[in-house]
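**Q** So the protein lines, in turn, are chains A and B.
The numbering used here numbers the first residue of the first sequence as 1 and each following residue consecutively.
The numbering used here numbers the first residue of the second sequence as 1001 and each following residue consecutively.
Heads up, some of the hints might be wrong.
Here are the simulated DSS-like pairs of lysine-lysine, each with C-alpha atoms no more than 27 Å apart in a straight line [as the list claims (entries may be wrong)]:
| hint | chain 1 | residue 1 | chain 2 | residue 2 |
| --- | --- | --- | --- | --- |
| 1 | A | Lys-184 | B | Lys-1281 |
| 2 | B | Lys-1161 | B | Lys-1085 |
| 3 | B | Lys-1281 | A | Lys-104 |
| 4 | B | Lys-1130 | B | Lys-1281 |
| 5 | B | Lys-1081 | B | Lys-1167 |
| 6 | B | Lys-1081 | A | Lys-104 |
Honestly, the hints are just simulated from the structure, not real lab data.
These numbers come from a predicted model, not from an experiment.
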Amino acid sequence: MKKTPLLVILVILLILPLVVKDVNFQHVMLMTLMFAGLGEAWNIITGFAGQTSFGHAAFFGIGAYTSTVLFYKFNVSPWVGMILGALFAGTVAFLVSYPCFRLKGHYFAVATLAVAEITKQLFVSWDYVEGATGISIPVVSDSFWAMQFHRSKIPYVLIAYGLFVFVLFVTLAIERNKMGYYLKAIRESHEAAEALGINTARYKLLAMVISSMLTALFGTVYAQYILYIDPFMVFGLDVSMKIVLLTVLGGLGNVYGPIIGASILIPLSEYTRTLLGGTGKGIDLMIYGILIVVVVLFEPRGILGLLRKRSRGRLNYGKSTA
Amino acid sequence: MSMLAQLVVTGALIGSVYSLVAVGLTLVWGLMDILNFAHGDFMMISMYTVFWLYALLKWDPLVSLPIAALVAAMIGLLTYKLVIKRVLNAPGLMALLATFGLSLFIRNFAQFLWSPNYRFVGESILSGKKLMIFDVIVGLPQLVAALGSIGMTFAVALFIKKTKFGKAIQATAQSREIAELMGVDTEKVYMFTFALSGICVGVAGTLLSGIFPVYPESGAMYGLLAFVIVALGGFGNIWGAFYAGIMIGLAETIGGFYLGTQFKYAIAFLIYLLVLQFRPKGLFGW
């Protein structure tokens, strides 16, 4: 893959929020960068390895809750919380992967959904983390240590950008490494990959753990940005589905996919919300929903499918894993 | 002991309604390999149909049942015609995204039209009536809901197995191309199956509207549980969905009672993970 277009995109993504002074635009950029990063992380397990996860909200939520609880209860810096959250999410991914990876195709997808829903229910009824009420993160004055910036959104945008670049780097490293080829071999044919001597269990597990850890990092940033979390926000099916949605829309299993998907879907979602969300009647989500349908109907092969014609093999995913 | 009997009965009754919702989902899933995220929202629409017929015309839910089923069938048909048909040949997850968008749309459209408030079908022929069987109390609305759901599940299963059109559905599920070569109008099969899926969920919604509140999100949890039930039973397997539905109903009722009702859905999902360890393709999958 040529590096130039990617570098151009990265430079644009960095300069845009710095140049445009509109606060609302900066907010949209921040969300776009965050979800693009989440999409990249999800792409590792689903796009590369072909294991559809509908439960990445579990890891996102664990990341958000770990740093928040540590800061709220023990005054630990969210930066430390972020790393611990990632480790914690990786551990959870490691533990749930064993039972989940025994299942294939849709059965696996439903299992990941089940894991996320169970996690949500547990947090809802867990008093130590304030249950369904959620946690308001104590507001302190602007400080890097506390990852709180109230005067401007730019620091948050830069953090999200940094994480996004990091996740992109990891994804590219995996794709170019033999691991990337192994994962794609597993996606195309589990049996053939095994016959070739690939330790499929090990590589799927590795992909899941890496993907979950990267996902958790964004959970912390999100919590610090919104300064309030509850289980429905961070563990909800909506979060999992948004990640699925934008990646598939952009192009599954491709590094550009999540960037393109997030750049379309997130502004769509955020702007409909700011323009029409005030009515409290759900008009914004109504329009957002119908726009998703329209986009899918117009480009059922994903945006990247429109941009370039590749052999069907690359996009023919999902059917063969059943 | 009588407590356990009560829980088993309650769980089995609600479970049979879950079954019918899941049967509707598994029909489409088995035929077209499409996960319909809007399935629960079809149900919500049928519940609102029942509610409005009750509120405006004083119709009993049992009287409005055919109309509610028809409304859900029409929505299923429209969904197929306007959305699903165009993404049938798209790669894996695209159709799912379309139905997810559709689900968001339907749910928020309902909220836009009818507000997020809970509404109740206050009085019906059945409401408040109870049966005592030994020392187990059975609410008549629940009993009728369960019997209606079981009856409907049987009817669907018989239809698929015995009738000529049902066999056309089976053939299309196995291979669209070959079914077409044999003279099956697969377009008609798809349309009909989506409508039938709507009827299943419409009937289930009607039967539940006398028991549960009606609001825009009221179908959401059923849709999600139906995914788990379909997978637990084995994709595309009607009887699998039936038994799995009852199993989930029992698990959430009994587990919810002993561990706390806040965990009842978590228990249902946990059951799925546990059972699939032994039957990785569902109870009746192969």
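**Q** Determine for every hint whether it applies to the structure shown.
**A** Now for the hints, and whether the structure bears them out:
1. A:Lys-184 / B:Lys-1281: holds, 23 Å
2. B:Lys-1161 / B:Lys-1085: Since the Cα atoms of Lys-1161 (chain B) and Lys-1085 (chain B) sit roughly 25 Å apart, the hinted pair holds (cutoff 27 Å).
3. B:Lys-1281 / A:Lys-104: Distance of about 8 Å is within 27 Å: holds.
4. B:Lys-1130 / B:Lys-1281: violated, 40 Å
5. B:Lys-1081 / B:Lys-1167: At roughly 22 Å apart (the allowed maximum being 27 Å), Lys-1167 (chain B) and Lys-1081 (chain B) satisfy the hint.
6. B:Lys-1081 / A:Lys-104: Violated. Lys-1081 (chain B) to Lys-104 (chain A) sits at ~31 Å, over the 27 Å cutoff.
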